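Participant: All chains, full assembly: derive it from the sequences and hints.
2 protein chains.
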Amino acid sequence: MSRCGSPLVARYDLFAAAKTFTRANLAAREASLWRYSELLPVRDPANRVSLGEQFTPLVPMRVLGDELGMDRLSLKDEGLLPTGSFKARGAAVGVSRARELGVRAFAMPTNGNAGGAWAAYGTRAGIEAYIVMPKSAPAINKVECVMAGAHVWLVDGLISDAGKIVARAVAEYGFYDASTLKEPYRIEGKKTLGFELVEQFAWSVPDVILYPIGGGVGLIGIYKAIRELQAMGLLEERLPRFVAVQAEGCAPIVRAFDAHQNESTFWNDAHTVAFGINVPKALGDFLVLEALYESGGAAIAVSDASIIEMQRRIGESEGLFICPEGAATIAAAYELRRRDWIAPHDRVLAINTGSGLKYPEVTIPELELLQPDATLRIDSGK
Amino acid sequence: MSRCGSPLVARYDLFAAAKTFTRANLAAREASLWRYSELLPVRDPANRVSLGEQFTPLVPMRVLGDELGMDRLSLKDEGLLPTGSFKARGAAVGVSRARELGVRAFAMPTNGNAGGAWAAYGTRAGIEAYIVMPKSAPAINKVECVMAGAHVWLVDGLISDAGKIVARAVAEYGFYDASTLKEPYRIEGKKTLGFELVEQFAWSVPDVILYPIGGGVGLIGIYKAIRELQAMGLLEERLPRFVAVQAEGCAPIVRAFDAHQNESTFWNDAHTVAFGINVPKALGDFLVLEALYESGGAAIAVSDASIIEMQRRIGESEGLFICPEGAATIAAAYELRRRDWIAPHDRVLAINTGSGLKYPEVTIPELELLQPDATLRIDSGK
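Residue numbers (the numbering used here), protein chains in the order written: chain A, 932 to 1313; chain B, 932 to 1313.
Note that these hints are calculated values from the structure, not bench results.
Every value quoted in this text rests on a predicted model; they were computed, and no experiment measured them.
Take the hints with a grain of salt, since some may be wrong.
Same chains, same label: a pair holds when it works inside one copy or across any pair of copies.
Straight-line C-alpha distance at most 16 Å; calculated EDC-like pairs for lysine to aspartate or glutamate [stated by the list, open to error]:
#, residue 1, residue 2
1, Lys-1073, Glu-1292
2, Lys-1066, Glu-1299
3, Lys-1095, Glu-1266
4, Lys-1155, Glu-1221
5, Lys-1066, Glu-1297
6, Lys-1212, Asp-1092
Facilitator: The following block contains the structure:
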C-alpha cells in the first residue's frame, strides 16, 4: 500500500511483453495461470510457488439457462483451483512475489477462503504465515489454515478487529502485510482469471460478466486483464458489461452505484449467508465502481432466500454444487433477465468463486432410513 | 457384469486408434480427459457429460521428500477434479456411456465419494440417480448427493446392505446398475489417470506408483492404460512397480498378496479413518493382485495413527490438505523407503484420491481466542 493508504497497482512494459505474449505462443504453453508470465510480477520462474493452478472450466448451463430465459449462460468454476476457491490465484502469485522479495513471514486477517489459500501457498514457499480470523469464521477455514501449517488465532470480534491485530503485529515484528490490497500482487494473480476467460471465449469477451463482490479484487483483476490485452492489440475494444453482485444484507457497492458515487460508504450490521461477500467497505471499491461505469454495467443485491434457492436449483438442474456467492450471481442474472437488462441471446458468464464443499453446513431435508431388508419405494411422480 | 458375476472389461481396436492417438495429436488437444477419446467407450461427442474434467496436477514434494529420504517424490492431486475426488473420472465416462445407451435412471450403493460424483454427472445428463448409502457415511457426501439432485436413502447397515437394496430395486424397476464393476465403463474413465500421468512423465512411467486400495478400480485403470499404450507402441515395455496401500484395519489385498494368492477373502470387522478404503472384499481384487505380481510390486498396510500423522505432516511441509487415503500412500512410501524397497533416487508417485475439504471432521488443536485490543505473542521457538 502507498503511504496515503490507497492501493498500488502494478504496471508492465506491454510493448516488450507483446513480443512473446501472443495468441499462438500462449496456446502452446501449459494450461495453467503461469502461462501468462510476461504479465505477472514474478521475474524468476524458480520463485513460482505452485500447488497446480490448472485452467478452471467454462461450464455451459443449458438446462438452467433455458429455464431462466438465457440461451448462452455459462459458469466459470473457480472451485476447482487448489484450496477450493479463486483465492488460490491471488495467493499463488502474491506468495511467489513475496518469496522473490525475500519475505520470511507474513501476517493477514481473513474471513475464510483467503486465509486457507495464503496458508497453503505460504507453507509451500517456506514462509511463515500468521493468520487472525473472527471466531465466527467457518470451521472448515480454521481447519484448512491449521492443516496447511499456518499459525492461527481467533478474535472475539469482526474482520476489522482482526485487521487491527495484524497491523500491530506487522509494526512490532516486521511481518510482510498480506492484507487485501495492502500488497499489489494478489490482484495480478486474480487477473489471470480474465486472461483465461478471454482465451476460452476464443479471444473475445462475453456480453455480461457477473461477479460476487466482497473485496472486489476478482472483478478488478478481470477488468485489468481485458484492458492490458486491448492495449497490446490482442482483443477488440468492446468491454463486457460488468455486474457487481451483492447480498441485500451487505450491499455498499450497490448503494454507491445507485447514487452514482465513485466510492462506497461503510455498511452497518452487515450479514448474509454468503460469508465471502460480507464485506461492509472494500478498499478497492472505487476500482470496482470504475469498471461498472466504464462498461455500462450494473450493481444488484439479491436476498439470502434467493441465493439458497438458486444454489439448490443449480444442483438439481446442472449437477453443480457451488458456493452461495456463486449462486448469487445466477440469481442476479435471473433478475436482470426479468428486467430485460440481459437479453435472451446475450453471452452471460457467471463466476463461481468457490466449491460448495467449503460450505458443509448447508441444510438438506431429512433422509429416509431403511432397514437392510427394505425395498425402495419410488414415488410415481418423480 | 457378466452372468457369471465377474467384471466385464472393454477392449478396443488399438491398431485403428493408433492412427490418430499420437503424441503430437494429443498434445494439441484440450488438457482434459476427453482428449483420449479413441480409447474411451463414448462414440458420439454429443453424449459427453462434463463438469470440466481438466488435467490434475503433478505436485513435486521436495521438502517432505527430503525429510523422508526420497528425492523424486511427487503427488498427483485428484482432489481438484469436479466433486473433489478421482471418482469424477469414472462417473464422467460411465454416465456418458449410460446416456449413449439410452439409460433413463440408474441405482447404486455408495460409501461416499462415488455417490457424490455419480449424482452430479447423472443430473447433468438428465438421468435420474437413485442412491443408497449407510447411515454412517460422511455428512458431506449426503449433502453433495442431495444438492446434486439425486434421490437418496440411508440404510441402517453396511455398504453391502445398501448393495442388496439396490439389487432389488434394479430387478423391480429396471434401473441401470451403476455399482462398481457391474458396468464396465467407469474403469475406462479411471484409465485416463494413467494416460495423464504418462504424458506428465514425458511419455515414460515413474519407478513406483502407490495407490490407496478400496475397490481398486483406480489402480486397475492405470495398469490398463499403460498396457494399452505399450500395445500401441507409444510407451516402453517397463512397468512401474505398483504398490497397493491399505489400512491395518482393512487389508484384504495385503493379506492375499503376502500369501501369494490370486484373490482376497472377506475382511471381518473392517474399520479405518480412511473411509474410502474401508472395503472388506473388492470385486476386482484379482485384477489388482495381477498388477502387483506382474509389475514386481508390493502391498502394504499402514496404521490409522500413521495416516493421521502423515496427513498433518504433508500440510505442514508442502501446504497440501489431502484426504486420509492419499496420506496413507505417503506413509506407505516412507515405510517402504525404510525397508529399502524404495531407493533414494526412485521416481515415486503417490496418488491423492480426494480433497481434504471432503473430511471436515479432522481434529485440530484448540485455537487461542484474542480480544480485539490484543497483540500477537509469537513463540520465539517457532
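Participant: Going back to the hint list, which numbers does this structure go against?
Facilitator: Result: hint 3 breaks, nothing else.
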